[in-house]
Amino acid sequence: MAKAKYCPNCQRMVTPTKKFNWWLCLFAGGFLWYLPFYFLKGKKCPICKSKCMSEKKAIRKGLLSESVTVK
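Just add 9 to the spot in the sequence shown (first one is 1) and you have the working numbering.
Don't take every hint at face value.
Here are the simulated SDA-like cross-link-like pairs (lysine to any residue), alpha carbons at most 20 Å apart as the crow flies [said to hold, decoys possible]:
| hint | residue 1 | residue 2 |
| --- | --- | --- |
| 1 | K50 | I68 |
| 2 | K50 | W32 |
| 3 | K28 | F46 |
| 4 | K12 | G51 |
| 5 | K12 | V23 |
| 6 | K60 | Q20 |
| 7 | K52 | W32 |
| 8 | K52 | E64 |
| 9 | K53 | N18 |
| 10 | K12 | G38 |
| 11 | K50 | G38 |
| 12 | K27 | K50 |
| 13 | K27 | S63 |
Source of the hints: derived by calculation from the structure; they are not laboratory data. It should be emphasised that the depicted structure is a prediction, and the values quoted were computed from it without experimental measurement.
Please put together the full structure from these sequences, using the hints given.
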């Protein structure tokens with residue numbers, strides 16, 4: 010299961026996700042062209058769609074203890 014990270018835009022802990030885009034897969038010419046893009050793109054906040062996830066801000070705000078490291 011994915012670990013929660015702090016989203017500074019939403020100001021809460023969220024589980025970053027990435028979704029498979031079927032339309033882009035079809036228009037990019039199939040799975041062989043889309044799969045490398047899918048594996049290289051980063052995870053986003055499910056609420057605001059931001060890629061900026063900060064562990065340091067979560068520790069500063071007290072939402073995450075320093076002994077627990079999020080990778």
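Hints the structure violates: just list their numbers, smallest first.
When the structure is compared with the hints, numbers 1 and 10 turn out to be violated.
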